Amino acid sequence: MSLLKVEYLSYDQIARAADDFLEERSITEVPVDIERIIEYDLRLDIITIPGLFKNFDIDGFITGDFSAIYVDESIYTNRPNRYRFTLAHELGHYVLHKEILGQVPITSISEWKRYQANLSPNDRSTIEFQGYAFGGLLLVPRHHLQKHFDANLPEIQPLIKKAVRERIHRSNYLDYALEHLATILAPIFEVSVDVISRRIKKDNLHEDIP
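Quick note: the sequence shown, position 55, residue 55 per my numbering, numbers continuous.
It is possible that part of the hints are untrue.
Quick list of in silico lysine-lysine cross-link-like pairs, DSS-like style, CA-CA up to 27 angstroms [to be verified]: (1) Lys202 - Lys147; (2) Lys201 - Lys162; (3) Lys98 - Lys113; (4) Lys5 - Lys202.
Read the hints as simulated data drawn from the structure, not as lab findings. Predicted, not measured: the structure shown is a model, and the values here were computed from it.
Please construct the entire structure, taking both the sequences and the accompanying hints into account.
Structure, rendered in structure tokens:
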């Protein structure tokens, strides 16, 4: 089992890394064109593999030489939001873990699986958390989320007013209001409702729901 020197990054540090990455490339609009960033800005290939998830329980992985990101073909074809998030997640490894992963010659599925199996549980969970966090912050930048959250907050007022009239406590209707708002915002960023819900909670924006 190998132990890596994985830096513990706070959520704010990961957010700043995602913001800096977008700012360096003058990306100011959403949805973020993740494919263009990878293929044209970073010159990485995006390669689809049939059965990657079905056979190996892998959505995607980035090679150790950072020349390509491999993605499950079915996810690419049938689940565009998950495909975008997979790319953003792997890009998180490129940005945050390049020095670590660059020491490992990952060029195939078997090498990736072997590398994962050899990691300590703590290193694996730390690296994956950072990849997931970066992916969500890259596709749903903080300032854009705040702007669209504020603009669409009135859309859930009817639900809240109905709950108040029926004397339903906020703790009992908050999740419904959050889900409804996330459903409105998800298409703006071309991500799943779950990604938006988690981002809203991480940024504590749900506290602004009456």
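Which of the numbered hints above does this structure break? Of the numbered hints, all hold.
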